[in-house]
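Be aware that the sequence shown starts at 21, since it is given in our numbering, and climbs by one per residue.
Calculated from the structure, these hints are not laboratory results. Glycine residues also receive a C-beta, built at the ideal position from the N, C-alpha and C atoms. Treat the hints with caution; some may be incorrect.
Across the chosen pairs, the derived CB separations fall in these ranges [stated by the list, open to error]:
hint : residue 1 : residue 2 : range
1    : D59       : A220      : 23 to 29 Å
2    : W45       : D202      : 29 to 35 Å
3    : K99       : R186      : 44 to 50 Å
4    : R60       : K99       : 34 to 40 Å
5    : E213      : G184      : 27 to 33 Å
6    : G239      : I188      : 37 to 43 Å
7    : K181      : R60       : 15 to 21 Å
8    : E216      : L49       : 40 to 46 Å
9    : P62       : K181      : 16 to 22 Å
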Amino acid sequence: MSTVDPLRPTGNFLLARFVRIIPAWVFRLLFRVRVIGADRIPEGPYILAGNHISYADPMVLWCVSPKPVHFMAHSGLWKNPILGWGLSRLWAFPVQRQAADRNALKIAETLLKRGDPIGIFPEGTRNIEGTANPQQGAAFLALRTEAPIVPVGIAGTELIKPPGARLIRFPRLTISYGQPIDPSEIAVTDRKERIEVMTAMLMSRIAEEISNASAHRTGRRD
Numbered sequence: 021m022s023t024v025d026p027l028r029p030t031g032n033f034l035l036a037r038f039v040r041i042i043p044a045w046v047f048r049l050l051f052r053v054r055v056i057g058a059d060r061i062p063e064g065p066y067i068l069a070g071n072h073i074s075y076a077d078p079m080v081l082w083c084v085s086p087k088p089v090h091f092m093a094h095s096g097l098w099k100n101p102i103l104g105w106g107l108s109r110l111w112a113f114p115v116q117r118q119a120a121d122r123n124a125l126k127i128a129e130t131l132l133k134r135g136d137p138i139g140i141f142p143e144g145t146r147n148i149e150g151t152a153n154p155q156q157g158a159a160f161l162a163l164r165t166e167a168p169i170v171p172v173g174i175a176g177t178e179l180i181k182p183p184g185a186r187l188i189r190f191p192r193l194t195i196s197y198g199q200p201i202d203p204s205e206i207a208v209t210d211r212k213e214r215i216e217v218m219t220a221m222l223m224s225r226i227a228e229e230i231s232n233a234s235a236h237r238t239g240r241r242d
């Protein structure tokens, strides 16, 4: 599996800039993307953590974020040479699902300490429910680097290509960012308990943002 070193993204800056200016603009237009709470995203390094209901989720978040986000992505995606090429050049890096991937966590930690944002889907895989069986990587990294976690809810991407559909569709998409979770909010001192408490808090905040995004998308809120 050949990847571009995510710690050296400067060679891919022009490609990333091109994608975010032109294809991202077209993407946002086609899907009528609405973003709520973008002003809550901090200036420095942060961990973007949201629900994962479609293959399109990382691209949606990558396109609407203030600056490119380094997303953790399932290592199996790099088995497709074309897809792997694109992922690497858009600053993604692979993570093994089977167990705690120390190398992926090390890369993520280095990126955060360098000042870059990273993106994680706590469930580790697509799940239409949005908050089931979370992994603890986001909380682990936040507590280790003191980077805040930004909870985000995504609504509508599951309709782009629903089960049984031959062609993609263009549903309205809504992204809702929540208030960042600062590691200093976790009052307990035991390391394991801190990770568990922060993970539970994160999933609760993500659920709130999913509800908010869904309500805005369907017109149940102004």
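Hint by hint, here is what the structure shows:
1. For D59 and A220, the Cβ-Cβ distance of about 26 Å falls inside the hinted range of 23 to 29 Å, so the restraint holds.
2. Checking the proposed 29 to 35 Å range against W45 and D202 shows it holds: the Cβ atoms sit about 33 Å from each other.
3. One distance hint, 44 to 50 Å for the beta-carbon pair K99 and R186, is violated here, with the actual separation near 24 Å.
4. Distance hint check for R60 and K99: the Cβ-Cβ separation is about 36 Å, which falls inside the suggested range of 34 to 40 Å.
5. Evaluation of the 27 to 33 Å hint for E213 and G184 yields a failure: the beta carbon distance comes to about 44 Å.
6. Between G239 and I188 the CB atoms are about 23 Å apart, so this pair departs from the stated range of 37 to 43 Å.
7. The hinted window of 15 to 21 Å between K181 and R60 is violated, with their beta carbons roughly 30 Å apart.
8. One distance hint, 40 to 46 Å for the beta-carbon pair E216 and L49, holds here, with the actual separation near 42 Å.
9. For the pair P62 and K181, the supplied restraint of 16 to 22 Å is violated, since their beta-carbon distance comes to about 33 Å.
Checked against the numbered hints listed earlier, the structure breaks hints 3, 5, 6, 7 and 9; every other hint is satisfied.
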